[in-house]
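**Q** What follows is each chain in one-letter form.
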Amino acid sequence: MTDLILTSRMVDHPADSHTIARYVDTGGYKALTKALSEMTPETIIEEVKASNMRGRGGAGFPTGVKWGFLAATEPRYLVVNGDESEPGTFKDRQLLERDPHQLIEGVIISSYALNVHHAFIYIRGEYPKPARRVQRAIYEAYEAGYLGENIHGTGFSLDITVHLGGGAYICGEETALLNSLEGRRGEPRLKPPFPAVEGLYAKPTIVNNVESISNIPWMINNSGIAYAAIGPERSAGTRMFSLSGHVERPGNYEVVMGMTWRDLIYDIGGGIPDGRELKAWIPGGASAPWFVPEEHLETLVTIDDIAQAGSMAGSGAVIVMDDTTNVVAAAHRLVRFFAHESCGQCTPCREGTSWLENVLRRILDGKGRPEDIDLLLEISNGISPGLAWPPAMTTICPLGPSAVSPITSITRWFMPEVEAMIGGSEVSNV
Amino acid sequence: MNQVISQWSHANQERAGKILDAYPEKRSAIMPLLYIASLEHDFASPDAMREVAELTGVTPAQVLSVASFYTMFKRDGVGKYLVSVCTSISCFLQGADEVLEAVEEATGIHHGETSEDGRFSVEHVECIGACGGAPAVQVNYELVEGLTPDKARQLIEWLTDSQPEVVLTDEMQQLFGGQRSFDWGSSEPEGAIAPVPAFGPYGSVGEDR
Amino acid sequence: MSDIAQVTITINGVDHTVDAGQYLISAAEGIGEYIPRFCYHDKLESVGKCRMCLVEVEGPRGKALVPSCTMVVSDGMVVDTESAVVKKAQEGILEFLLINHPLDCPVCDKGGECPLQDQAYGFGAGESRFVEEKRTYLKPIPVSSVVLLDRERCVLCDRCVRVADDIAGDALLTFTERGNAVQIQTFPNEPCSSYFSGNTVQLCPVGALTSVDYRFKARPWDLEHTTSVSVTDPVHSTVDVQTSRGKIVRVYGVENDAVNEGWLSDKDRFSFSTVHSDTRITTPLIRKGDRFEEASWNRALEVVASRLGGYQGAEVAMIGGANNTNEEAFVLSKFMRTVVGSAHIDAQLGDGIEAHLAAAITPRATINDLDTASTILLWGPDLKESLPVLYLRVRKAVRNGAHLVVVHPIGTGLDDVAAHTVTYRAGTGSDVLRKLSAGDGEYAAARELLGSGPVVALVGRTSIAEDPKLTEAVAAFARDLPDATILPLLERSNVFGALDMGLSPTLLPGRVSTGSDAGVAALEQAWGPLPEHVGHGTEGVLGALKAEDISALVLAGADPVRDFPDPRLAAEALEAAEFVVALDAFVTDSSIHADVILPVAVWGEVDGTVTNLEGRVQRVRPSLAPPGQVRPTHDVIDDLANRMGVALGASNLAMISKELADVSPAYAGVTMDFLTFEAGPEGVVVPHGDGVQPLGYIPVEVSVPVVTGEFTAHFAASLYDDGVWVRNADTIAGLVRDPVVRLHPSDAARLAIAEGDSVLVSGTHELIVAFDEQVSRGTIVVPHNLEATKGLAAESVVTVDVMRGDS
Ligand SMILES: Cc1cc2nc3c(=O)[nH]c(=O)nc-3n(C[C@H](O)[C@H](O)[C@H](O)COP(=O)(O)O)c2cc1C
Ligand code: SF4
Ligand code: FES
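Chains as they are written, first to last, in my numbering: chain Z, 837 to 1266; chain C, 290 to 498; chain D, 74 to 880.
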């Protein structure tokens, strides 16, 4: 067995890690039995608190603390966020597809701890195969008595419904996700009230990321303290990183945090292909401000160190760009994404992101004007006043401000290149 | 069991009933039922939306409002094979624009269009979670990773020639794919029979369990 | 928010004490700090979408920009609404809103009253920075037959969607698409056919939604405004009547929180063009054979005075007055009782309820009582069709937690929000009442709800085919529910004011019963002797006319041939009458039988007061002078009385108003001046002040027979019927409902008919059949007051014969 928490089964048993047989054979559902027969909901919540695990969905909020906010009224719901649409992120897809029972066991234990009797797994619509795997695993779990009425005679009952999205990144935002699950437009809700007080169907609801919940069985088997002992104190546990872009070995890596970016990109990712140079990378998904080698290669890969350096660990997506990259074109691609995915309720996000996209498009088309740089920054400032990180917001949710990251990044690190582009240079795509 | 639309196929009626039962509130079934209705009507047509409204107790306008928010409910008709080329950042960095061009060339249609023979629809899409296997394409939401422009062209030719009734991700990956986001493990005989995600409870799976 | 606590907040460095629980944006407005906004509206749920109202609020991590429309004030809150950061943010939002907004202000109906224009005025920098192409859409698309949408002008504030969906319950207008492509739409070929669609136009902060009838009619700065009330039904919504060059061009709702909270039905809003209808009578008409000839007032009034003067008081009757002001009704009442000497007076047309129940039920509810009710019982007309603004108020009450029980023969507009609906076969109401009060079987749950007070009971006749006694029985039952108050429901204009003014055989002005010796004595002191005979109501009057016991009839704006449940009797009575004088604005099915028609002023032209269904007295004000030779009713009656030798002193409204307040106990002190200068903008509910309800009617249990027959009938009212104020109003005249009868599918199966087939109702009227699962078996639903049902008697049992193609 490897010392991995989440991916050892799929590494050791690539052919059938998703089946209940293999899952049980490799120690699966032991945590469930332990939790339901030996532990109370309170002691489980204590373990999760003790683990210091911070949510893996992007915001990095401590899971145990969030669970503590759940209001007492019933019914209450658990919703697993498998919308995974942040460009560069594909870790949840692997967890769903390759080890669905690990997630389901996590859901059952969490539901027991939170006194939930109906849980939902929201999977983005473009993930039919992961959804099939999860649904089949759920059928298997029902057959094996891990789900349904009176689970293994413990008196605890739980149903899980898998819900497929319809193609909308914003549904990853937890309140938009709840609206979507209620059969509404995926528009983020005003907060407060937070989901833990008024969530799905206005009932108390916990929303957690796929990876977060997949960690729960290990914690029950090995204790929260054991989890907390892995890695740096405020970045406890292992963490899935999705490496993509110009790296030699793209893919998902479950790592213990605390290494440097150099380690992650060059040792784990195998460095930049074809002997080219590293130009920049995005450390935590499309929303995050970029890092550059001159400044950040020795920065530590922990939630706090990344934040201190002005970006975020976010969803764990590391997008690497080599020296051939046209940064304006890359920024345009990122901004286009946010403009396309804006839900459209907030004026600054709806109007500002597409304005940014249009200006960048114009620059790429060779029609840039000298005043466009100020304009880009001014528009950005209208979406996120002060252009700081973490961003100030004029919007309901952070999607709008996320679109500003590429603008501040290219103007901060690559101004001469941007200016040259406006000067009328030909567009070299990538 | 909840009441369902009687002109739907028996299997879809059964699915619809189960879906309605799977949620505390009927309205939650709008999106799943839109997929089923899209199978019945070939796309999310006004009739399809009206039926979903009837089943979930909301107005057709409310269904339209939901359907039009999401990109996967096609309201203008769609070809037998929906080819979605990811052109988001990671795929872009790996040459997705050239893959898109190849697909457009091979099908003769552009983003948002459906070929005259109704065989293909082409679209470029934002990130589909295959960044480690960039550039990536989906056919009826079944994934192929690590494409090149050449392989993309071959994929379209293969779809044109062999016209598979069931689009299988493993088969396409084997024939045309390259770099993958991760080890896919064993393959399975399930896939899409229409441009709707192939998910058992919503229909559209090749070899349904 | 009943227990109003206060908090202290600091705005721009100054401390203010404000009511807790409100949003910062409205607290700031209350102390004179107006924060700009597009999406916020105090009658709609906050959505915080436009982001125009951003202000800086100090928090644990320093100052942050927050939308003031979603932030509830809290003690110690420190707010900056004018900082450089705030100004910059607001300018930014405005620029964002303007980049895709067309610059067609000069041709936009909103130009001059547009917050976007106003707020952009002092901010010129924005436009030039946007060199990209603007979003364009096809020019105005109809969202309904009365409302157009120009999507390019839309700022996506969500107000219209919230009004249609949350307030009116008609989720027909929605957002479609997302991001930059978001727009307002209806479903293809399904217009936003809401009775409340005009409210969307009024609330739209820009010129995106416009009403078909106002487009390009006037510029806002040319408009003259009059605050008045709408009298299309007895809810009496407060309105702002806007005129331009001598014509009413627009009617807007005014936020009267006691009544309509700013909302209007489309009938309230769009029926005004009736005032300007070509078909109005503008000169007196005198019958010559089967034609009318125009006549001078002098000649017409001479004829009327001499004819009426030729009868004994008891030989003359008056029907109508419900469309008049209180002052006019008072004058009509006095004229009949003193000059003519008749007690045969009725403002109801056999379609109403017991006069005392309508006038003075105790304890009577106010509309606002709905807001604090635990349970609401509705057993009366379908509010959506008959009293639409009251329908909105009930929806609001339910949104705020009240439980609604609806008892009605067919599905109603409120069923979707009701906790319980009881649907019964028309004619069997008394049986249902018995079971409901006992809490039998299927009624147990509803009965239990009715046991938790405070209960507000809305009672009236569900259809004019229903026995009015049933309403009394329901009121008697409801009165005994915990903390119950009752709101009587009638449907015609100012009928409550008319009854209060004594336009009823059993009532004297000020809710005094004709049976009260003290009341009669007090009025005789002022008026002299009152008629001694017992007065007839409309039904009695019509019967007596037919039997030639009564010879002459005054029609005060009433159309019994249309509105009395038995139109044939009404027509026969009018034919039998020796002399009929009609005070009317139109030639109607009834006034066409008159010997003389006197053209009188209507809403929009009249001044005075009106009383709504809760007894609230409000001012109606004139916006226009009457056309042609048209005169106000009180003036005509005064002239007539003079010619009959009695000085009524009724030419002067102020004098009438004073006399009314002097001699009508429940209206003591409630003069027009009092309403104008002393009562609040909400008017006053009579009895006013310490005034004791003179009548104070308590309903008693009555027994009501159950009706049997193959088909019992429910005559269904609809908002757009063939009434004068719909038929003559261009904007809504086309919306009159199709004349279909509705049956339960199983009854149709029994008769072997399909949807779309025709049946012969009562042997005379051929109507098309539609199926309706929400109709009880054995009930037939017949539309009331449509052209196609003219002359059909509203009987509780009708015959239904199938029309076969070959017969
Ligand atoms: C625009 C936006 C997109 C998001 N997308 C995702 C997502 O795809 N998956 C996810 O787990 N969390 C996503 N989040 C974060 C969620 O709102 C939420 O914080 C998270 O699901 C909580 O789970 P955790 O506490 O386990 O991290 C997104 C947030 C925002 C603002
Ligand atoms: S910031 Fe953008 S995505 Fe987020 S709620 Fe506002 S409009 Fe929607
Ligand atoms: S008024 Fe506050 S966001 Fe629109």
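In case anyone wonders, no lab produced these hints; they're calculated from the structure.
Computed from a predicted structure; not experimentally measured.
C-beta atoms are modelled at their ideal positions from N, C-alpha and C, and glycine is treated no differently.
Warning: the hint list may mix true and false statements.
Some chain C residues close to chain Z (C-beta under 10 Å, calculated; not the full set) [unchecked claim]:
| # | residue |
| --- | --- |
| 1 | Ile308 |
| 2 | Thr376 |
| 3 | Gln383 |
| 4 | Phe471 |
| 5 | Pro490 |
Here are the simulated DSSO-like pairs of lysine-lysine, each with C-alpha atoms no more than 30 Å apart in a straight line [stated by the list, open to error]:
| # | chain 1 | residue 1 | chain 2 | residue 2 |
| --- | --- | --- | --- | --- |
| 6 | Z | Lys1027 | D | Lys469 |
| 7 | D | Lys136 | D | Lys160 |
| 8 | Z | Lys1027 | D | Lys116 |
| 9 | Z | Lys1027 | D | Lys136 |
| 10 | D | Lys542 | D | Lys863 |
| 11 | Z | Lys1027 | D | Lys161 |
| 12 | D | Lys116 | D | Lys469 |
| 13 | Z | Lys1027 | C | Lys315 |
| 14 | C | Lys315 | D | Lys116 |
| 15 | D | Lys863 | Z | Lys1039 |
| 16 | D | Lys469 | Z | Lys1203 |
| 17 | D | Lys320 | D | Lys207 |
| 18 | Z | Lys1039 | C | Lys440 |
| 19 | D | Lys160 | Z | Lys1027 |
| 20 | C | Lys315 | D | Lys160 |
| 21 | D | Lys320 | D | Lys212 |
| 22 | C | Lys315 | Z | Lys902 |
| 23 | D | Lys207 | Z | Lys1203 |
| 24 | C | Lys363 | D | Lys207 |
| 25 | C | Lys363 | D | Lys161 |
| 26 | D | Lys116 | Z | Lys1039 |
| 27 | C | Lys315 | Z | Lys1039 |
| 28 | Z | Lys902 | D | Lys136 |
**Q** What hint numbers does the structure not satisfy?
**A** 15, 16, 17, 18, 20 and 25
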